[in-house]
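Novice: As they're listed, the protein sequences go chains V and B. Mapping to my numbering: the first sequence position 70 is 456, numbers consecutive. Mapping to my numbering: the second sequence position 108 is 95, numbers consecutive.
Be a bit skeptical, because a hint or two may be false.
[Stated by the list, open to error] Selected chain V positions facing chain B (Cβ under 7 Å, derived; list incomplete):
1) GLU412
2) GLY413
3) LEU430
4) LEU433
5) TYR435
6) VAL481
7) GLN486
8) PHE488
9) GLY491
Since the hints were derived computationally from the structure, they do not count as laboratory data. Every residue, glycine too, gets a C-beta built ideally from N, C-alpha and C.
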Amino acid sequence: SQTIHQWPATLVQPVGSPLSLECTVEGTSNPNLYWYRQAAGRGLQLLFYSVGIGQISSEVPQNLSASRPQDRQFILSSKKLLLSDSGFYLCAWSVRNYEQYFGPGTRLTVT
Amino acid sequence: AQSVTQPDIHITVSEGASLELRCNYSYGATPYLFWYVQSPGQGLQLLLKYFSGDTLVQGIKGFEAEFKRSQSSFNLRKPSVHWSDAAEYFCAGLNDYKLSFGAGTTVTVRA
Chain V
387 SQTIHQWPAT
397 LVQPVGSPLS
407 LECTVEGTSN
417 PNLYWYRQAA
427 GRGLQLLFYS
437 VGIGQISSEV
447 PQNLSASRPQ
457 DRQFILSSKK
467 LLLSDSGFYL
477 CAWSVRNYEQ
487 YFGPGTRLTV
497 T
Chain B
-12 AQSVTQPDIH
-2 ITVSEGASLE
8 LRCNYSYGAT
18 PYLFWYVQSP
28 GQGLQLLLKY
38 FSGDTLVQGI
48 KGFEAEFKRS
58 QSSFNLRKPS
68 VHWSDAAEYF
78 CAGLNDYKLS
88 FGAGTTVTVR
98 A
């Protein structure tokens, strides 16, 4: 069966510090991968998606970037965090363009 | 723009009572529709999906949803709510690769 992991689960970082969140998927090959952000009291916003290694599409211009160095690894990064980057970050995977399955999420607080 | 709307922000229901959560969609063609549930601090879990065919779809945890093209709706139902059903519920529609989420409905279950 397929599983998706995210780490860390919780992160507190000062403004201006770098960020690296990791997502890995097991049990499937060549998945589509997604990064979403869920701000407090708001819905889910798609940040990035990837259909293959090295292929990243950005949905919203912002302070974040994403990379896919391996087939089942998706990384969300920032060089300098802003207060507005705080939120709950969710990684998801799908096979082709069907239902998406979500990881447990990372709670990021920028102080 | 293609989207889904959840008209109810918050619903309170008694344990053992029935539950219905509303979702309206705005898509040109027959959409792929989903319901997800999110417990506090957790990722999203897929409850059920509709792609085509039978308009009444069964999901996990005793949930079902009915696709009604005439009303542009995909409402989620459960005949008898358990305290563990207290959570936030999201309706989503798939447009190519991108999931568009409703704002979510928070369900509170009272004893």
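Novice: For each hint, tell me whether it holds in the structure or not.
Specialist: Evaluated hints:
1. GLU412: Cβ of GLU412(V) sits 15 Å from chain B, so the hint is violated.
2. GLY413: violated (16 Å)
3. LEU430: holds (5 Å)
4. LEU433: violated (11 Å)
5. TYR435: At 6 Å from the nearest chain B Cβ, TYR435(V) passes the 7 Å test, so the hint holds.
6. VAL481: violated (12 Å)
7. GLN486: holds (6 Å)
8. PHE488: holds (4 Å)
9. GLY491: holds (5 Å)
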